[in-house]
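Enquirer: Sequence:
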Amino acid sequence: MTNRWNPTAVPGLAGVVQLAVGFGYTCARLGDGSVRCLGANAAGQLGDGPRTSRSNPTLVPGLTGVVELAAGLIHTCARLADGSVRMLGLQ
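Residue numbers for the sequence shown, in the working numbering: 4 to 94.
Simulated from the structure, these hints should not be mistaken for laboratory data.
Incorrect hints may have been included.
Stated by the list, open to error - Now the in silico label distances, taken between C-beta atoms and shown as ranges:
no., residue 1, residue 2, range
1, ALA84, LEU62, 17 to 27 Å
2, ASN9, SER87, 31 to 41 Å
3, SER87, PRO10, 27 to 37 Å
4, ARG89, ASN9, 33 to 43 Å
5, GLY86, ASN6, 33 to 43 Å
Predicted model only: the values in this text are computed from it and were never measured.
Where a beta carbon is used, it is the ideal one built from N, C-alpha and C, also for glycine.
Based on the sequences and whatever the hints tell you, model everything.
Expert: Here is the structure:
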């Protein structure tokens, strides 16, 4: 990872309609209802399985129809179109 002193485009991330920022990580909800996350992942807050930090936006598998995201210190919640909620991170 590299510190940036000027605004820089995030490669592989387009069509973003919402961001949720936690402690050292960010998740983006895309217009198609999918979610991509990057950054720290010690608690599984990126939702992609292994607890490996990611420097590139990584698709959260099996998570579709997301209409809202909220991030905490080391977890992320996603509200789906059907009104149900999914949590990423330690459970």
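Enquirer: For every hint, state whether the structure bears it out.
Expert: These are the hints, each one checked on the structure:
{"no.": "1", "hint": "ALA84 to LEU62: 17 to 27 Å", "result": "holds, 18 Å"}
{"no.": "2", "hint": "ASN9 to SER87: 31 to 41 Å", "result": "holds, 40 Å"}
{"no.": "3", "hint": "SER87 to PRO10: 27 to 37 Å", "result": "holds, 35 Å"}
{"no.": "4", "hint": "ARG89 to ASN9: 33 to 43 Å", "result": "holds, 35 Å"}
{"no.": "5", "hint": "GLY86 to ASN6: 33 to 43 Å", "result": "holds, 40 Å"}
Checked against the numbered hints above, the structure breaks none of them.
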